[in-house]
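Using the sequences and the accompanying hints, generate a full structural model.
Protein chains: 2
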Amino acid sequence: MRGKGAKRLTALLARLPGVGEKTAQRYLYHLLAQPSAYAVELGDALRALHAQIRPCLRCGNYTDVDENAAESAPVCDICSDPRRSDKLLCVVARPTDVLAMERPGSLRGRYFVLGKLLSPLDGVGPEALPIGILRARIEEDGVEEIILATPPSVDGEATALFLRRELAATGVLVTRIASGVPHGGDLEFADAITLGRALDHRQKF
Amino acid sequence: MRGKGAKRLTALLARLPGVGEKTAQRYLYHLLAQPSAYAVELGDALRALHAQIRPCLRCGNYTDVDENAAESAPVCDICSDPRRSDKLLCVVARPTDVLAMERPGSLRGRYFVLGKLLSPLDGVGPEALPIGILRARIEEDGVEEIILATPPSVDGEATALFLRRELAATGVLVTRIASGVPHGGDLEFADAITLGRALDHRQKF
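One line per chain: the protein sequences are U and A, in this order.
Take 3 as the starting number for the first sequence in this note's numbering and just add one per residue.
Take 3 as the starting number for the second sequence in this note's numbering and just add one per residue.
None of these hints come from the bench; they were simulated from the model.
Mixed in with the good hints, there may be bad ones.
No distinction is drawn between identical chains; accordingly, a pair holds when it is met within one copy or between any pair of copies.
With a Cα cut of at most 30 angstroms, we get these calculated DSSO-like pairs of lysine-lysine [what the hints assert, rightly or not]:
(1) Lys206 - Lys6
(2) Lys118 - Lys6
(3) Lys206 - Lys89
(4) Lys89 - Lys118
(5) Lys206 - Lys24
(6) Lys24 - Lys9
(7) Lys9 - Lys118
(8) Lys118 - Lys206
(9) Lys206 - Lys9
On a predicted model such as this, the values are computed, not experimentally measured, just so you know.
In structure tokens, the structure reads:
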């Protein structure tokens, strides 16, 4: 096959995260080996994706567009959940991090998606972070605790330090998720920084 | 997100080879983070896939459908390549194996895609293999050598053994691709069967 159809699809598939040309080609051949209905159905679902899902106007997480409602709700399920507290606000970098933080099922507060992290190398400075919107949210909702759940990476730590400083004047309690040896992890395979953090953040047992 | 749009797309993506629910979700969030044009373009390419590519009527490999030609060529690029010899026929299990065998660039013959391998566990018996078509091809083209390039797996070896027996009466030279320690591989990590084959098939050096 040298036609543009196969080439174009392979190139598009190779833009998915973690997918190189070889994996894209594997997907292509898998799709060809299946009845055409699968490729068509997948194609339709992809075409419709952005029309069915949009950012929540309140927290920045993704939310479904309800096709049956006359007007879709302006906020997501989490923002509109009456059993959650407005007083506890978890700040994350991306929508996928909301998904991750929801996994334990213990956080009964709400979220705020930054959309990006400070990254001097990529030219992302403090002015790119939605600090004004975050401050307004804290005031409006009477937030009492901000959990900084940016990732334990260089950019994530820098963003957390920056937010701590920016929010100091608000008087709100600012906390940071713990960093240490992961559950089930073997100490032997943990890197020095992780082990250092695990030591620094040790707790009375 | 709990809507059927996201669920359906995740389920469809999870049917790609090697993709589980977590990877599918990662693809979904990646697609959402990109401009909608990407998802739409990928969707269009998938919808069009089976209309643009079909099996070669001669070898069973995939071939492009030429949209500009009044009538598309009945055979693929390899089958219609005049610089290749009809006398050398490489028998493979699947279209992806043609792609693999073309990588060295040294095979100047043609291909025959079986479409399946003998697999007693999956109920694939000798009657499912296109032996009649293969015999006709050998006779028509005056094939002098058949290279059995089925994979060095249980099913692949069984199929190669079966084909050798079936083709014995044709008088054609039947060869089998070599099996041994892969290039760049470490002996330490090679399994016993591979090392046994590497020993059995050792050559004068």
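Hint by hint, here is what the structure shows:
no., hint, verdict
1, Lys206 - Lys6, "neither (63 angstroms within a copy, 46 angstroms between copies)"
2, Lys118 - Lys6, "between (36 angstroms within a copy, 28 angstroms between copies)"
3, Lys206 - Lys89, "within (28 angstroms within a copy, 78 angstroms between copies)"
4, Lys89 - Lys118, "within (23 angstroms within a copy, 61 angstroms between copies)"
5, Lys206 - Lys24, "neither (50 angstroms within a copy, 35 angstroms between copies)"
6, Lys24 - Lys9, "both (12 angstroms within a copy, 27 angstroms between copies)"
7, Lys9 - Lys118, "between (33 angstroms within a copy, 26 angstroms between copies)"
8, Lys118 - Lys206, "neither (35 angstroms within a copy, 61 angstroms between copies)"
9, Lys206 - Lys9, "neither (59 angstroms within a copy, 43 angstroms between copies)"
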